[in-house]
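Novice: Please take these sequences and the hints and turn them into a complete structure.
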Amino acid sequence: MAKTIEGLYYSESHEYVKVEGEYGYVGITDYAQEQLGNVVYVDMPEVDDEVTAGEEFGAVESVKAASDLISPVSGVVVEINADLEDQPELINQDAFGTWIMKVKLSDPSEVDNLLSAADYENCCK
Amino acid sequence: MTDKRTCLYDKHLELNAKMVPFGGFEMPIQYTDIVDEHNAVRKACGVFDVSHMGEVLVSGPEAEKYVQYIFTNDIAGAPVGKIYYGMMLHENGGTVDDLLVYKMADDKFFLVINAANIDKDYAWIEAQAKAFDVVTENQSDTYGQIALQGPESEKVMAECLDLACEDLAFYTFKTVDTEGETLIVSRTGYTGEDGFEVYGSHAYIQGAWDKLIAHGVKPCGLGCRDTLRFEVGLPLYGDELTDDITPLEAGLGMFVKLDKENFIGKEALAKQKAVGLTRKIVGIELAGRAIPRHGYDVVVDDKVVGTVTTGYNSISTGKSVCMAMVDIEYAKLDTPVQVRIHRKLQEGTVCKKRFYEKNYKK
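These protein sequences, in sequence, are chains B and R. For the first sequence, the tail end lands on 181 under this note's numbering, and the numbers increase by one without skipping. For the second sequence, the tail end lands on 1323 under this note's numbering, and the numbers increase by one without skipping.
By construction, these hints were calculated from the structure, which means they are not laboratory data. Built from N, CA and C at the ideal position, the CB exists for glycine as well. Worth double-checking, as some hints may not be accurate.
Across the chosen pairs, the derived CB separations fall in these ranges [said to hold, decoys possible]:
{"id": "1", "chain 1": "B", "residue 1": "Glu68", "chain 2": "R", "residue 2": "Phe1216", "range": "47 to 53 Å"}
{"id": "2", "chain 1": "R", "residue 1": "Thr993", "chain 2": "B", "residue 2": "Asn169", "range": "51 to 57 Å"}
{"id": "3", "chain 1": "R", "residue 1": "Leu1238", "chain 2": "B", "residue 2": "Asn178", "range": "54 to 60 Å"}
{"id": "4", "chain 1": "B", "residue 1": "Glu111", "chain 2": "R", "residue 2": "Glu1308", "range": "22 to 28 Å"}
{"id": "5", "chain 1": "R", "residue 1": "Lys1004", "chain 2": "B", "residue 2": "Asp150", "range": "26 to 32 Å"}
{"id": "6", "chain 1": "R", "residue 1": "Leu1306", "chain 2": "B", "residue 2": "Gly63", "range": "45 to 51 Å"}
Specialist: See the structure below:
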């Protein structure tokens, strides 16, 4: 059974954002990695790219398929998780511990439009 | 139209397979994990439900003459028990389907065709048969079929199914009388590994499946069937072969015998060979891990010069590789090309389209 973590914000397209101050760490949920199976490649944005809530910022790929990544927040990418370049399987091992991009949030109130852990769990049922 | 189910459908559900539509059938794409299933076939063995494949029996005094007329390979004088791979072509050289031809008797041939093409093929086969003294019979719903693939297949065939096959050479078959019916057992497959395919009644195939699963053989889905065939450069109809692609463009010229008597499409292919190809399917190896997939553009100097037909991050080698149809001037080995993956151009190099060595027992 896929897990969730309290205190994170979730999107219906199965991304999460963990907010620390003016930054958000964005990744995919445990449910998403379970559905995908073995992640073999993560197409990540580049540092200084602008991302917009609700818009594509990359893709996660399993053996069979590519799934678009939809940003849950808006802002500027300040860091990407370089470990994923060689070890995309980290997402399967620990989805919530393996963020994909760190974003400087342009509008921190956007997270109010996202789901809580409990609401997200209902959405996965 | 709802998808058909094979005789093993209930078995797939019992094993919690993930089911998907394929070629007009509801088929298992994976049971547990594509990577584990793929590796089982490379290292030990696995069993596939391939009951969706179509079977057509051609018989009659002109059976050989007829098959020669619709098939690109040359079956003249073949011994009973021999199997040939080749294609059926349109007059313009485009491919109706790729298939296996089993020689059952001097006046009897068994054609194995792709699931997605059964209706199209059979209509075409019947239409061509009118000019010959032959009878064609679509037996696709009669037969169930399993493929046991991998280096341990021969041992498992003997131990688990009581089908001794050490005397069976690659691309030959035998018939076996058992449980009141006649099975067809061939040393063939679609994985690049040693292995066998067994055609029998639905009841026999269900029983054989149960025995293999109880024996501990890994059930394998269509997901790894595709990654396995791809790594050894085998074409899939719909990707590397279509109504618009000729076998020469697909690099399958060795299965087209232009020196034999007339066959449908021969003139077009002879002309294509004489004039020279304008495009060809090649392998491309990418420098990075980004995954090229069917339909993605191949680019040189900002110009689209081709299209990916199949691509993966190869499970056996870890490299991101693809087959692609490219303009002939970019088809030479070691040509630098790019593939557009998502928004970016990824660097790659034209290479052989066999990404992993076959391990057939010949």
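Novice: So which hints don't hold here, by number, going up?
Specialist: Per hint list: 2, 6 violated.
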